[in-house]
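Residue numbers (my numbering), protein chains in the order written: chain P, 1 to 425; chain Y, 1001 to 1760; chain B, 2001 to 2176.
It cannot be assumed that every hint is accurate.
Stated by the list, open to error - Capping the alpha-carbon separation at 27 Å, the derived lysine-lysine pairs in DSS-like fashion look like this:
id, chain 1, residue 1, chain 2, residue 2
1, Y, LYS1132, B, LYS2126
2, P, LYS80, Y, LYS1378
3, Y, LYS1031, Y, LYS1008
4, Y, LYS1132, P, LYS424
5, P, LYS54, P, LYS37
6, P, LYS37, P, LYS76
7, Y, LYS1131, P, LYS367
8, P, LYS197, Y, LYS1062
Unchecked claim - So the derived label-pair ranges between C-beta atoms look like this:
id, chain 1, residue 1, chain 2, residue 2, range
9, Y, GLY1733, P, GLY154, 48 to 58 Å
10, B, GLY2134, P, LYS270, 49 to 59 Å
11, B, PRO2127, P, PHE65, 35 to 45 Å
Don't read these hints as lab results, they were simulated from the structure. Glycine residues also receive a C-beta, built at the ideal position from the N, C-alpha and C atoms.
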Amino acid sequence: MFIGAIGCEPLQLRRVHLEHSRSLDVYRRNGGYEAIKKVLDSMSPDDVINEVKKSSLRGRGGAGFPTGMKWSFVPKDSPKPKYVVCNADESEPGTFKDRYLMERDPHMLIEGMLIAAYALGARTNYIYTRGEYKYLIEIMDVALDEARAAGLLGEKILGSNFACDIYTHSGAGAYICGEETALLSSLEGFRGHPRMKPPFPAISGLYACPTVVNNVETLTAVPDIIKMGGEAYQKLGTEKSGGTKLWSVSGHVNQPGVYELPMGYDDMEKFIFEDCSGISNGKQLKAVIPGGSSVYIMRADQIIGKDVRMDYEGLVAGGSMVGSGGFIVMDETVDVFESTKNLTEFYKHESCGWCTPCREGTDWLVKIFKRIEAGDGREGDVQLFLDLCDNIEGKSFCPLGDAAAWPIQSAIKRFPEDFQKRMKN
Amino acid sequence: MDQSDLIKVTINGQDFQVAKGARLIDVCREKQFDIPSFCYYADLALQASCRMCLVRIEKMPKLQTSCTIICTDGMVVTTQSEEIQKAQRSMLEFLLANHPLDCPVCDRGGECELQEQTFDWGNLEERFTEKKNYHPEKFLSPMVANDPQRCILCKRCTRVCDEWMGEQAIEAGNRGANTVIGTYGGWLNCSQCGNCIEVCPTGTLLDGTYRHQHRPWELTQTVSTCTYCSDGCQLSLGSRGSEVVRIVARDRYVNGLNGEFLCVKGRFGHPFINHPDRIRTPLIRYQKGGKLIPATWDEALRFTAQRLSQIKQAHGANSIGVLGSPRLTNEALYSLRQLATGAIGTDNYAVADRFSLKPFFANLSGPLATHRDIRYAKTIVLIGGEPEELQPLTGKQIRQAVRNGNANLIIINSVRIRLCEQATQFIHIRPGSEDAAVLAFATGDNDELSAKKMGIDVSEIARARDTINQTQGDLVIMFGGEVSAASQMLIAQSPLGFAEGGPRTLLHPLPLYNNSVGAHDMLRDGKDAAALLQDESVRALILAGKPLLPAGSNGAEPEVNREFVVLWELFLSAVSEFERQVDVVLPAASFAEVDGTFTNNDGFVQRVRKAIEPVHQSKPDWLIAGQLANALGTDAALEASPSAIFREIGERVPGYSGLRYPLLKDESNPVQVKHETVSRRDLSNELAALRNAVEAMDETANKEQLTPGVGHELFKLGTLMEKTPQIHLLSAGNPKPDNILVSPLYQISIDANLKREAAA
Amino acid sequence: MSTDFTQIQPLYQPVNMPGEVAVFSPEVEAEIDRHLAKYPSQRSAILPLMFIVQRERGYLDPPGVSYLANRLSLRITDIWEVATFYSMLQTKPIGKYHIQVCKTLSCKIMGEGRITEHVSKKLGIKPGETTPDGKFSLSLVECLGSCGTAPMFQINFDYHENLTTEKVDQILDSLP
Ligand SMILES: Cc1cc2nc3c(=O)[nH]c(=O)nc-3n(C[C@H](O)[C@H](O)[C@H](O)COP(=O)(O)O)c2cc1C
Ligand code: SF4
Ligand code: FES
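Make a model of the complete structure from these sequences and hints.
Here it is as C-alpha cells:
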C-alpha cells in the first residue's frame, strides 16, 4: 500500500516513512513540538485562532467546516471548563487516513491538540478512537506517556504556565459516534445518540461545557500552520480550501493507499490513472465514490476528460463532494445496484434508531434491495426508492439519514441501467 | 404581560404577538394551527425524534421540527403546504411500516394517537409490502403488558420513568431498526406506577390487569378523585354497566393537578370496588358472643338506634363515641358530625387518623403549597416523611422541581429515602430526632444541641440555613408524621419567620389519607382519637370506617371492646380483625359509588363522582349517618343529598364558605380551601417543652443505613389494595415468571397465594 | 443526556440485581481505577470498563453487569441500554477467537465473499455462529478502516489485511 504525497512536499506524511517514526525522539528531531514552543513563547490564544483562520483550514472529518471559525465560537468568558475532543472514530466506509496518521506519527496529533487546547483554554482533552482501533489506542497511550514524561503534558508545559492533559477514550463499534454530538453522548457514557443542535458543542458540548470536536487530520495540520504561518499553509491549496488533504484510495486501482494531495490538485483522471497507477487487472473504470460512502457516486464519464479539480468546490462542480476523502474506485465488474445495496445495509446497521425516517427508512430500503436481489423487482420500485430517499433526506435528526439517501439517489440517477435490468416488466 | 416581552410571529400569513421564549409548537397549537406530534410532551426533555411536527420557517434550510424551535421576533412560519403534508404522510408511513396494524385486537384501539394521527395526516394507501420485523407480545411485569411491534419509539415511557419517577427502570435497548423498549433481563422491577402505560401513544405498553377485556368506547368515563393518598390525583373511572374496569388519568379524559400521573395504587387499586367479598347486607350480632346475622337495613338501623338510646339514657350522651375515617368524603364526615352533635349530642367525636394535623392547622400562618407550587419551588425542605412511597405525586413534583427546575432539595430524615438521590443536601439524622431539626431551624440558637442529638455536624445546619436564606423564589416546607405536635406548631408558624420580601414560604403537610385534611376540617373541634379510644367512660362506639389508629401501635388492632359497637365498612375482612367486638356491621359504598368531595394536602376541594350504583345493599356513608340520625329520632334533613350537605358545609365550615358543587366542576382548576391563618403566637411554652424533649433524646441510637426498597409502602397488602390480585406478586418481590408470554397471574392460586417461591 | 449535566449518583437499584457480582484481581481493579481517573464523571468510563469486563469474563455476563452497575453507581438498565447499543459489546457468550470479516464496499469488491466462504468452510460455521468447541466465532462486520488493504478481517483486536485464502489458512492454523 502506498503512503505518500503527490504534487507537493509531504506535510502530514512527512515522517511516516522514518524509522521509529512514532517515538518522541524522532518526532522532535524532525521539527516536532516546535510549533507548541512557538505558541507558548510568543502567541496569544487569539493569535493562534487567527493563524488558523488565515490558513483556510477546513474540517477534514467530512463536513468541511472552517476550523478557525469553529474555534472562535467557543465563548472566552465562560466559567465552565472547556474541552478539545479529537474525533478519531474514522468509520466512514472507504476512509483510513486517520489510522495511519496515528499509527505512524502520534506526536503530531498530540502537538496539534496541545495547540488547540491552548487556543481554547482547555485543560482536559480526549481522543475518541473507534473501539476496533485498539492497537492505535495503545500507540497513543505510549506516546502520551512519553510526552508526559518529557513535560509536554501536565502542569507547566515547556516551563510555561500552560497546563493541559490528553486522554484516550475508546468507542465500541458504532459509526454514528463519529457524528460529533453522538460522540459526546458516547464519551459521557450514554448510548451514542446525536443531540439537538443548537446548542452547538462550542457552547454546550461535553458535560454541557464548551467543546471543540475536530478530526485527526484537522488537528495534525495545526502544527504546520503555526510553523509556516497560516498564509503559507493556505497557499499550498486554494483560496477557500487551504493546505493539503489526505485521500484514502481503495478498490480497483493498482496502487491503493493514503495520498497527500494539495487542495485543488487538478484532474481526478490523472490521479486515478497515473498516480494510483490505473485500474487493476486492465479493466475499465466504471464508477468512483470520491469522498467516503456518504457522497454521490460518479460515473467514469464524469471524470474522464472532465478535469475534475480535487478540492471542495471542484468536486461539487464535478457532481460529488470531498467528504472524508475516502476514494473508492470501481471497475466495470461492479454492479452499482449491488454496491448501493451494500452501502444501504451499512447505513441500516449503523442507524442509531433515534429518529423515524432514518430508522424505519433504512430498514425499508434494505428490504426492497433484498427483494429485488431475490428476483422480485417490480415496476414501481425505482420510483419507490427515490420517494423514500426524498422522505428521509432533510427530515432526519442528524446527517446520517441524508448520507443514507444520497448514494441511492445518485446511483439511480447515474446508473439507471443497473437498476432497470432487475425490474420485471 | 409587558409589551416588551412580546414578539411578532407570522404563522400561515397571520400575525401574532406571542411571549418571548415561547415554543413554536405550543404557539401554533394555541392559535389553532394543528400540528401532529408523538415525541413532544410538555415538561419532559425534548426528543425531536418522531419528526412529525415539521414546519417551514423562512430563512432556514430544510423543514424544522417545531417542537425544538423557540420563537424569535419576525419569524415567518408555514404549517401547511404540499411539502409539509408529504413529510407528515411519509413519517406516518415509516412508523406504520413495521407496525402490525392489528387495531381490531389492540386495547388502545379507539384511543390511540397513532390511529388518530393516521386518520388526520396519514396516507390512504400502504406501500410497504415487505416482511415486517417481528417481536412477540409479552408481559414486562404483572401490571405492564408489552407489544414491542406497535412501538414508535417516541420514548415518552422512558422519559417519564426517568424524569417523573427517577427510576430509569425502562429504557431503549439495541440500535437502529432493532431498537426496543425494555429492561435488563426482560422483567420490570420498579414501583409499577404504570405511567409508561399512560403516556404511551400506541398499544405498546398496556394495562396488564385490563388486557383484552373491553374496548375504550364501551366504557363510561367518570372523572373523580383518587381514594388512596392525600395528594388527591384526578382520575377517570372507566365503568361498564355496574362494574369499574379500569382507571386512567389520560388527559383526554381528565386534566387534573396530576396531569397523566398516577401511582400503582391509584391506577391498579380499583378491583376492590366490585370485589365479591364486599359486604352485601347489614349484619347484626344480637348477643355478645353470638354470630353476625344478615338483616335488613330497617332492622339494623332500628336495632342500632335502640341500643344507642339505651346507653345514652343510662350513661349520658357522652358515653357514645363517634369516629370518622379520613377516607370518607367531606359530606359523609359532616353528616357524621351532625349525627354526633345533633342527634346524639355527644362531645366525643374524632377523626381516626394516624397523623393528626390539629396542632398544625391551629397555628397555620401561611398558605398551603399546591403541587404546582412544589414543581416551581426554588427550595424544598422535607422533614421526615417518604413522599415517593406515601404521596407519590408530591414525590414526582419534588423530583421535577430539582431536575427540571434546578431547585434545592434539603432532606432531613433518619432514613436514606430514595428521594435523597435528587437532594442537594441530605441530613441523615438519628431515628426519632426530627424534632431536634425543627428546634434548630425554628430558633437558631440550639444548633449545637440539635446537631448532637441528630448525630450530625453543626455545619450541616448552617449550610441548610444558608440555602434557605439565599432562596430566590418559593420555599416549601414539608413534614411527615414523625414530628411532634409542638414541632407542627412551630412549622405552622414558620412563614412568619421570614421578613417581608424574603422567600415566599409555603407549607405542605404530608398526611396519609385521601381526605385527612378534609376530615380535620369537618371534625375540627373533635377529640383526640387515641384518647377517645382509651376513654373507659365511652360505652358505645359508632365507627364510620375501620379506625386507622393509633400511631405507634405498629399495626396492632385498636381495642374497641365496648357495650355496643356499630361499624360501617366495605369488607368483612376489615371487620374480622376485631370481629367479636362489633355488634352491627353496615355495608358502605365505595368512592366509586358516591358523590362527594375530598380535600387534598394542597387544600384543594375536589369532586368525587359516582361512576356506578352502590353495589349490593351498600349505602353511601353520608346516607348511613343521616338514616341513623333519623332512626335516633331527629328529623334533621340529613339525608337530603351530597350537594345539599355540601351547601351546608359551604355555609358552616370555616374556609369552605361560598363553595358549591358547580364551582368544583372543572378539575383542571381546583379550588383551594381558605384555611384560617393566625398571626404570630407566643409559642415559648411549646419551645421550652420541645427543647426539653430534645434534650432528653437518646444519643446512642444507630442510623439506618439502608435505602428502603421500592414499594415497601406502595405494595403493602392493605384491605383495599389486596383485592388487586397482581399486588400479591409485587409484594412477594415481583419474581420474573418462567413464561412471560402469558399473564403473570398464572403464578397465583385462586385464594391469592403465590404458587411458587419468589425468585431471588 | 440532559443538556445541563449534573452528576447524579444513584443510591439504590430498583432492578433486582442478579445475585452474583463479579470480582476482579487487584491489577484489574487498578486498571479500572486508572480509567475512572480520566473523567470528571464516572459514567464516562462505561465503555472502557465494559471492554475490561468482557476481556476478563468473555462477555458481559450478569455478574459482570452487576459489577459495572455497582462500580459506576448506575442502574442496571443503564448498563443494559449502553451495552446493547454498541456492536463490539457482547451480551451473549462468544468464541475465544472472534473472526470479524469486513463486508463493506471496498472489501466486498476486493473479494470479501471468497474469504468468508473459505473461513466458513474451514470452520464449518456460518456468519453469526460459533464452533461447538467455543474456539471460533464468525461475524460479518461493517467497515474496519482497512479499505486500502482489502480484503481483511479482524480476529479479536488484531488486523489481518490483504487476505488470500492461503493467508487465512496460515493465520487460523497458527492460533493456539
Ligand atoms: C454520520 C456521521 C458520521 C461521521 N463520522 C465521522 C468520523 O468517523 N470521523 C470524523 O472525523 N468525523 C465524522 N463526522 C463528522 C463530525 O460530525 C464532525 O463534523 C467532525 O468531527 C468535525 O471535525 P472537523 O471539523 O475537523 O472535520 C461524521 C458525521 C456524521 C454526520
Ligand atoms: S438520522 Fe436519526 S436514526 Fe439516523 S443516525 Fe441520525 S439520529 Fe439516528
Ligand atoms: S414532536 Fe417534534 S420531532 Fe416529535
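How the hints compare with the structure:
no., hint, in the structure
1, LYS1132(Y) with LYS2126(B), "24 Å, holds"
2, LYS80(P) with LYS1378(Y), "23 Å, holds"
3, LYS1031(Y) with LYS1008(Y), "13 Å, holds"
4, LYS1132(Y) with LYS424(P), "23 Å, holds"
5, LYS54(P) with LYS37(P), "20 Å, holds"
6, LYS37(P) with LYS76(P), "23 Å, holds"
7, LYS1131(Y) with LYS367(P), "8 Å, holds"
8, LYS197(P) with LYS1062(Y), "14 Å, holds"
9, GLY1733(Y) with GLY154(P): 48 to 58 Å, "51 Å, holds"
10, GLY2134(B) with LYS270(P): 49 to 59 Å, "53 Å, holds"
11, PRO2127(B) with PHE65(P): 35 to 45 Å, "38 Å, holds"
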